[in-house]
Every structure is written in C-alpha cells, then in structure tokens.
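Visitor: Listed here are the chains, written in short residue letters.
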Amino acid sequence: MSLPAVRSLERKEVALQGALERLAPGPWAAREDTPDGIITAVRRLPAVEARFAPFPDSIDPRLRAALERRGISQLYTHQAEAVAHIAAGRNIVVTTPTASGKTLCYNLPVIDAVLRDVSSRALYLFPTKALAQDQMAELHELVGELAEHSGEQIGVHTYDGDTPADARRTIRTRAHVVLSNPDMLHSGILPHHPRWAKLFENLRYVVIDELHAYRGVFGSHLCNVLRRLHRIAKHYRSDPQFICSSATIANPRELAERLAERPFELISQSGAPRGEKFFVFVNPPVVNRELGIRRSYLTETRRVAGEFLRRQLQVIVFAQSRLSTEILTTYLKEDFEDVPGMPELIRGYRGGYLPMRRREIERGLREGLVKGVVSTNALELGIDIGALDVAVLAGYPGTIAATWQRAGRAGRRSLRSAAVLVGSSAPIDQFVVRHPSYFFDASPEHALINPDNLHILVDHVKCAAFELPFSTRDEFGRVSVQEVLGVLQDAGLVHLAAAATTAADADADAAPGQWHWTSESYPADAVSLRSISSDNFVIVDQTNAARVIAETDFTSGPPTLHPKAIYMIEGRLFQVERLDFEGRKAYVKQVDCDYYTDAITHSRVAILDRFATDARGVANHGEVHVVSRVVGFKKIKFYTNENVGSGELDLPEQQMHTTAYWLEIPPDILAALPYATDDRRDGIFGLAFAMKQIATLLLMCAGHDVGLSINAGSSARGSEESFTDGDMPRIFIYDAYPGGIGFSEPLFSLQVALLERTRELIVGCPCENGCPSCVGPVGQTGPLAKTVALRILDHLTGHELHAVSSSPAAIASTAEEMPF
Amino acid sequence: MPVNLSDRLRQVVAGANGHLMPAHGVELPPASPQRAPVKIDGRRVAGILAGDWLESADGAVLVVDRYYASDRRHGREPVGGIVETIENGSSALEILSNAWPARAGGSYSPRLCFFDVETTGLAGGAGTQAFLVGCAIVEDGGLRIRQFLLPGFEHERALLASVAEFTAAQGTLVSFNGRSFDAPLVETRYLLHRLTFPFADLPHLDMLHPARRLWKQRPLVAGPALDEDSCRLSVLERHLAGYHRIGDVPGFEIPSRYFRFVRDGVAHPLEAVLEHNRIDLVSLALVTARALRLIERGPRAATHPRECLGLGRVYERAGVLDSAEICYREAAALAGRIGREPDVQADALRRLALLRRRSRRMVEAAAAWEELVNTPGCPSILRREAREALAIHHEHRSRDLQMARSLVLDVLADQTARRRELAEHRLRRIERKIAIRELARPERGGLFAVFEEAAPA
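Quick note, the sequences are listed as chains A and B, same order.
Heads up, the first sequence is in the working numbering, so the first residue is 1 and it goes up one at a time.
Heads up, the second sequence is in the working numbering, so the first residue is 821 and it goes up one at a time.
Because the hints were derived from the structure by calculation, they are not lab data.
Just to be clear, a hint being listed does not mean it is correct.
[As the list claims (entries may be wrong)] These stretches of chain B come out as covered by chain A in the derived footprint (C-beta under 8 Å, 3 or more residues):
no.	stretch
1	885 to 894
2	936 to 947
3	1183 to 1190
[Said to hold, decoys possible] Using 20 Å as the maximum straight-line C-alpha spacing, the simulated DMTMM-like pairs for lysine to aspartate or glutamate come out as follows:
no.	chain 1	residue 1	chain 2	residue 2
4	A	635	A	598
5	A	234	A	276
6	A	634	A	648
7	B	859	A	648
8	A	585	A	653
9	A	198	B	1007
Here a beta-carbon is modelled for each residue, glycine too, at the ideal position from N, C-alpha and C.
Bound conformation, chain A alone:
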C-alpha cells in the first residue's frame, strides 16, 4: 500500500471518529440505550479477522489461475464450504453479509463445471433486470480472463425483456450461463422449453440470488415457477442443484427448502473480514408533546448526513420513497452550495432514472468520485457500488433484514464504518428506535410463502399444463392436482386424453391418461408473479392526450384510485377525476397540491372456520370471509401529516376468502374496566391500530399485505348495554390476499410477542393521549384510547397485577418469550 493511501485511510478514521463524537458524545464502549433521548443507541460491532481456506484441489487449474491473476489466491472459509457442499451434490443457501464474496460461491462451481464439461449449463435468477446486468459484468471479467489465457469460450448472457430478438436464438443454444429473472423464466422461457432443450438437458445449476426477496406473493409464485422448472428439467432428464444466496433472515434454509422443495445446507458463517462498525439510532426530538409530533425525520437525516459529508466521508443515504429521495438530494446539495464543486458530487439514485445515468452514478461511487448518494431501496440489493464509509437510513426500512442490508453498504474490509438509522414518526419506526434491543438482539424476520394458495396454484397448473401435459399420476404442490385438472377440464381448459403409446417409452405401467392444454390462450401472459390476480386497473392520464401511465392490481384499485384520490408517480401528483369500475380504468389529471389522500375502508369479517385457539381462549386463527368497501377518504398534508379534509365515497363492495388471526376480548375483562362504553370502544380501536403496526413488523410484510377489521360489538355507540357473548369484541388482522399468503398462522404462533410488543409500543410512546405513533391520532381515537388500550393489554398479557402507569420499569424484558 502506498504512503498517500495510508494517509487517506488515517484521515478517514479521524474524520469518522469526529463525526460520531459530534453526533453522540461520550464513551461508546458500554453505553446504555436511552430510549427517551435523541440518540437512543450506539452499538459497536467489533472487527472480524478473515478466515481463509485453500483452494480445493478439485477446482480446474485454469479457473484457479484466472482467479489468482485477479488477486484471489485463497478462498474464504464460507466459499470453500460452499464448493465442498456443491461437489457433494447438495443444494446450498449462503447468508453471509454484503461484500463477503457471495457471488464466488456460485460462480466458482458453475464455471468449474463448464470447464470440465462444455455442455454444462446454469440458470441464474435475479429479482430485477438491473441485478442480472450487474452480475453479468462481473462474470464477463472472469470468463474474459479465462478466454484470454486458456482460450476457453464460456458464453454468459442475460435473457430478459430487453434481449434483442436476433440474439435470442443464439443465447438459447450457446449460452452456458443464462442470467434472467423469475418473470422471464415464467413467461418467456418455460413455455418455450423445446427451444431451450440444450439448456434444460444440461442444466447443472440453478442459482437464485437475493432469495429473501421471494416472500409473500412473489415467493409463492416463484415456488410454483420452480415446480414447473422441476417438471421440465425432469422431462429433459436433468436434475439441477440449487445455489441460493440470501440476506440475513430468520429462516433462510426453510425458505430455500419451501421455494425449491429440496433439502438445503445452510452456510451462514462468513470467513470474510469486516472492519469495526458503529450503529447509531437517532430519534428526532419531540416538538409537540401533546400531539406526539416530532421534528421531521428528513430534516434530521439532512443534519446527520451533513456531519459526515462535511468531513469528506463517502455517504449513502437511503430514503423510503422516490419523493423523499428527491427532497433529500435537494436539501444536501443546498447545504453544500458554497463548497465549489461539491453539489455536483452529491447525487440522487432511484428507479425511473435512465440506465446510463444509473451506471454513471454506480461507477462514480465505486471510484470515489461521487461523495454522497441519496437512494431508494434500488441500491439496497447487490448492485456493485463498492463499499462506502457511512450509511444513513432515513426511516426504518421495515424489516431487520433490509436494515442490515442497507447498513452493509458502508464498511470496507479493514476500515471503520458507521450506520445511522433515523426514525420517522411511523409506529414501527418509533418502536424500533425506542427498543434498540429488538433490532440488535432478536433474530431477523421469517420470510413466509404460501405456494398452495389456490388462486396462485391454479394459475400455475394452467401454465404447467400448457408446457407439458400432466399425467394422471402427476403431483404438483400439496393440493391434489388431479382435482384441479378436473375442474379446469370442466372449464374447457384441459382435456384428458389417452397416454401416448410410443415405441420409445413403452413401459408397461404407463399412466392411463394425460391432461392436455386445450385453449388458444397463452396462460403465462395472464399471470403476473408480482400480484395475486391478473385483473388490474389502468391509470389514464388525461392532462394532455389520454395515455396510460400506470397500472395497479385489482385489490388496491378502490383504495388508491377512488374519485378525488391523489395518485403519485415519480414525485408527480395526479388527481383521479373518474373511476370506471367496470372498465377497470381510472382517469386522472396532473395537479399541484400539498396533500395526499388516505382511503377509509370499512370491512366486515365473518368467521368461516376456526383452525386453532390459544390456551387462554383469546387468540385464534382460521378462515374468514371479508367484505370490504371504501366509504370515504381523508386528505393528509405532506410532511406534517395533518388531516386537512375528507370526503365520502360510494364504491362497490369487494369480497374475498382469506385467512386471519383474531383476538377476542373477553367481555368480562371489558366489563371490569371502569370506563364508559364509548371509551372502551376507543380503546379497542386504539389497540387494533397499534397491533396492526406490530403485526407487519413481526411478519416482515408491507402495511398493505394485511388488513385490519374491528368488531367492537354491535351495540350502538353511546348505549349503556354491556357486550353480550354474541357480539364479542374482536380484532381481525387478515391476510389481504384472496386465499391468504400465509401470514395468519405465524401471527397466531407469535401472538405472545404480538401483544407484548404492542404493549411496549404504547407504553413507551411519550405522547399523552395517543398519537399516530402508537394508538392513532387523538382526533380519530378518543381521549382515553391510549389508557384503555393499555388496560386491556395489561389484562391480556398478565401485567395487570403490577402495572398501570406508563413507567419505563413496566417494560418487561420479554426477549425469552419471543418464539422465534
């Protein structure tokens, strides 16, 4: 290492130290968490030494030489472990951190296999096209090196919607490694498998990168796409091994096994070195205690990022939306206006920017030319931007896994780095910044999928039947596929024919029949992997000439596209002028306003089937029928989140069957509370509001993935009647997708944590009578909502004996009860 480089490293160490001192003065070594402060936590993650393993002898010497020329003369232990498992024929999932050399875990065995046998093929799946492009650039360097020194030509190609038609034919037959995405596999490759015979006949490896991205609806779809892949591979007599990489989630192995329906080995111990890292939690100060209003987290983020940028440290700021990305970029550029040349070195980055511009920023980050970047989650996944000095997270990314992944963007192998999380006033953010141990000490979330959701499964049975006839003995998923096919036959989509009696495979016990696709349609076209039903609303902009600017899935249509709704796209605001419900179109015009809208949805839930009840008889999960209707909307001012108006709506009902978790509040508990019926009802609403926030936190899902419905008793408001058993107050947290995507059962099993965490959220909130960060804004819940909600929780969680007030001592340590 040259001398100036050492100096610059030393300078960075000093600069980082200085910025941290300024943010969080005092000794950090044994700093206690201070939930009520502005800096709620400073944690030090110690440096880790590299652990190396020699190259396995099995690796082809040409590949080894190529790697050595690229400066890789030995492997990290996890890479060697991966190679060993693959050599033994096992499937693996690797969960080592960002920048630990995860890609080599799959590139090594794949390229090695091609060098041994040129017919070998591998299929890589990435959740986005950009990631595939990025990975291709890296692979190209390696195969270019091989071609130059050993003359081996290894074809590496991306295959996605952007691939030119004339290149496709060559890729289908020549590419050794095809880099694609699940959507393309689903609609462009599997239905055309005869043209891909070369690939499928020789398919040795399937690589799935960013495995944790496949949860919920997307994961449930991917599992079915992989079931189709297995069928086709079997048809071509191949049986590929799976190599997956994932961010740190609680159940990577289980997720891999559920997705691929194969046994997996987990590699979680990284051998890569890591520099010391500081993680700081910042909670913007309260500016209005009564209403629970804090200073804007964007302003706070601006201040924090400025401290680092001022000291010449390279910073990445993660914002929660495209809008806040643009706002923060503008703020930071303004802050450095008087430093010549500096504003140009601060860039924004998000989806919607042209690829050339994105590549330029990525390169600038790698080469250190760009000093600061404000990004959406677009840079969270594995795009190569090198390692920066500091990551500042404006708002909690929603999951522990994503937070670690974003924080991991800072941190060179031998240098100190820092990550700062600035909480917003959203309940989840408040919970996390005020309870740092939830983040630092608990395991991250479980990724859940439900591939046997009938709506999803049936779609893929259609696609599979199109690709290859099902025999009457075939299975597909855990539901009887024969029964599915029988129903599809009644709908005229498939037909049961006799099995082919070919000379080629005339085995005596051939299946009696085969189900053939008998429809003109191309079923994959009607199935989007990112949503559960293909029905959707399109958004037509009529500002100038009418043109379609976006689409949204059917379920989220009414709440986001009702008349007068504000629809946002890339920072531009549109108002819905008319919703053509039957025609599935929303006509919008561009507007300039300072508010957005939030729909008020009324839903009724009827219990169809109770699958389980806990020992105390309060928590349940089962199947429900949900009828929901958007009845009105609120206008909410940007930044302050003030309610500035409302409107009523008359839209058709939507119905679905789904699964739900629900809490039944025993009438005797309510009756024992010394409050009026109205206040009790407010308490239930407040409790439900808070529970839903915690549920999304525990389930690692987005807010719109679960719905909330409250049955607070049918007695009219203001009546003095007590609750009768017939209208037992219930809080339903239901899966917002028809058929359910698998959220309710885990929520049921997590219910102790759900109630404890909800209680912690409410107890820990410094507001007086409720605020948007706990039980909901005071104007919407009642004055006693917070108090009553807490009293109900005290009863349900067994705290009623010793706790009534909101003293911090009441926050019991419940970590050992966490059923993770």
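With chain A held as given, fit chain B onto it using these hints.
Guide: The following block gives chain B in isolation, referenced to the frame of chain A:
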C-alpha cells in the same frame, strides 16, 4: 359457504376474479364426474372426413388425400394453368432465391411443396399444437393435396413422422408467412418430441415477402372497399383470380372446432377446416404462380404501375439491376400516364435515381431526380430528398452553383423540413464558392488574388 376443495377450486376457476365479485353473482359450473379419455373411433372419423386412418407404433394419423385436376378452376384460373406456370418457372424461381435466400443455403429446387398449418392458437410455445399439416405438390398437370390431421394429442409422434416422411421427397417448401409462424411452430413440436426437424434442410420460400412487394396496397378494382394494406391470402386470391370463398370457416373458429373434436369426438365440423386449409394451399400455389409469371415475363406483364414498381424491387433485391431499372422506368411512365398514382411515380423515380447513382451514372441519376422534383403530387419528403441530391450533383459535378443554390433555397423554403441546419450549412458553403468564383475572374486579379484574400479566413 364452500368448504371442500372441489367447490373452492370451482370458485377460483369461475371467471378471472370470481373471488372478488359479489358472492351471489358467482355462477359455478356444475361438477361433472371424472371422465375417462374419449376414445376416438378412427374408422368412423375417417369415413366422415373421407380420409385414411393410418396406424403405426407411434400412434395414428388421419390422412386426407385429394387431387385437383388441371381443368378444375380456382376462380378464373384453371389449376392446370397454375401448375404449368410453376413447372416452367425455374428461372424466375432462381431470381426469387437470390432475392430471398433460403436459410439452409442453396437455391429453390423446382419440386415445390406448398404447405400450410392449422394450429390451436397463435401464441406459440409448447402448448400450441399444429393439428393439421396440409401439403400440396404438382402431379400430372394438377395438384395433389395431402393433409395430415392429428386424431388426438397422444398421436402426435405419428403425425410428425408422416409429415417428415412426406416432405423428405420434396425440393422446396413454399408457405405464406411460414418462416415466422408455421415453421417455428412445427419445429417446436419436433423439438418437444426430440425428433429431427425435417424442414431444417429444406429450402423454404415464404411467399409473403414477394407478395408484399408486388401487391401490397393494391386497390381493388371491384368489390367492396377492402383494407388497402391487406396482403392476406384471401384478399390476394380475390383480386388475382376472382376467387370468392363461400361458407369458409373464419380463422378464429378453427381452434374451438378442433377442441370439440378431441373432447367429444365430433368430427364433421372439421370438414370445413380441412376445406379452408385446401383453399389456402391452392391460393398459395396461385399467388406463387402469378409471381413467377410476372418475374418471368417482366414489366410488360404488369397490369398496374404499383405491380410494376414492386416487380422492380424484386429484381433489384435479386441483383438483376437492368430489369429493375426497366421496371422503375416503366412504372413511372405508366403512373404518369394514368396520373392518379403520384406516390408510385415518385417512389419509382427515387428508386431509379438511387439505382443509377449506385452504378455511378450520375447524369442519368440527376435526370431521374429532376423528373421526381417535377412530378405533380409528389410527397414532399421525397421532393426534398430529390432537391438535396440534385444540389449535391450541381455543386460537385455539374458545377452549376447557381442551380445548386436555388435548389437549397427551395429546400429551405419548406418550413416544415427537419434538419434545416444541414441545408443551411450547404447554402453557406455554396455561397462561399460562388463568391470565390466571382473573385477568381481575371478582371478581379486572378487566382492569386483569391488565395490572398481567402487566406486569413
């Protein structure tokens, strides 16, 4: 409330979004008992469709064989005439194979096999079946049509084997849009069964491309106003031979007729599908014959300036440039006489000029551009191109700078023209040259004075 799996499935399958519709609106199809595969009675089907039921180890195939004798008419055209033109068309075929080379290489051999496939869908992919493969070949002065019908999905290998056997004896495949649709689709079927694709080694002439050159946008003389752009077989057969289909099964109905046959064994609606396929094959032979005859006889056989222009394009593509030039000249002259086809006239003159320029006959090229500029009703974009070409010609070759200048000014006079800066740049240069020429006159001191004056610039 539905609780058992079958009812739930029915609800999911009923309509794209049965689950989101009001519950009472959901009409569930009645559950039907699991049905055994329908057994198709081959002998009976063969009887209905008047074909032969051929069984092999790979399954069965229904072969329908018809002979269209030479005296049979297809519209105005006797089959014998079509066949004769095809049989004498080897030199024209040579021209076509130069214009649209066979992917497999080599030229189109005269043993033509017209082929057309009926499918269960247009999307392609593994789930789209080619259930009927029709072939037509020349035999004894007439057309022999052989159709291979898939009598059930389980018999596909047998169908593919029969088709491979039949086409193995043929010289060239001729299709209409077959290179991009029929052939890839059939290839997929062979690939799926991991059989060798027999068309891979056969030259394949797709008549859609020559037909587009020759007859696209040809306005119909008679009959109701048809889509001018239409180059469908059913339109071509009407205006080339006056053939009108009666009771033809519409294309969109074909898959459902076949599905009904495999599902319920109902064969008679397939008769119309077979007939539809046969008409397509004969019309394809007709279109091919007409194109060959035009190419054989040259521009004097063309009945319309547009056809003549198209013929020139075919010749040009094939590299027969002298014939192409004659066609363009004839087309322009013919259109000029008729006076109602300014776009044909302009296009022909433009191609003529480009062709001449390519063979370095600059003065002749300029003459064509000149004529194009003076064509009444000429599309403005072509006129601009012509003026620019002429300006270049006069600036650099004829050295008539004043003429060049006036042409550029004409170009600039058109306010709507794009890329004005290019013309402005040219204008400046021409004016500079004119000025220099002025200075270079002896009375102004001769060339030396010019250089002295021009040097500082």
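Visitor: Taking the hints in turn, state whether each one holds.
Guide: Verification of the supplied hints:
1. Given a C-beta distance limit of less than 8 Å, the hint that chain A covers the stretch 885 to 894 of chain B is violated, as 0 residues qualify and 3 are needed.
2. A count of 8 residues in the stretch 936 to 947 of chain B with a Cβ less than 8 Å from any Cβ of chain A is obtained; the coverage claim is therefore met, three being the minimum.
3. Counting residues of the stretch 1183 to 1190 of chain B whose CB falls under 8 Å from any CB of chain A gives 0; the rule of at least 3 is not met.
4. With a CA separation close to 6 Å, the supplied pair residue 635(A) and residue 598(A) stays within the 20 Å bound.
5. For the hint linking residue 234(A) to residue 276(A), the alpha-carbon distance of about 48 Å lies beyond 20 Å, and the restraint is violated.
6. The hinted pair formed by residue 634(A) and residue 648(A) meets the criterion: a straight-line CA distance of about 9 Å does not exceed 20 Å.
7. Taken as a hint, the residue 859(B) and residue 648(A) pair is broken in the structure, with Cα atoms around 61 Å apart against an allowance of 20 Å.
8. Proposed proximity of residue 585(A) and residue 653(A) is supported: the alpha carbons are some 17 Å apart, at most 20 Å.
9. A threshold of 20 Å between alpha carbons decides the hint, and for residue 198(A) with residue 1007(B) the separation of about 15 Å falls inside it, so the pair holds.
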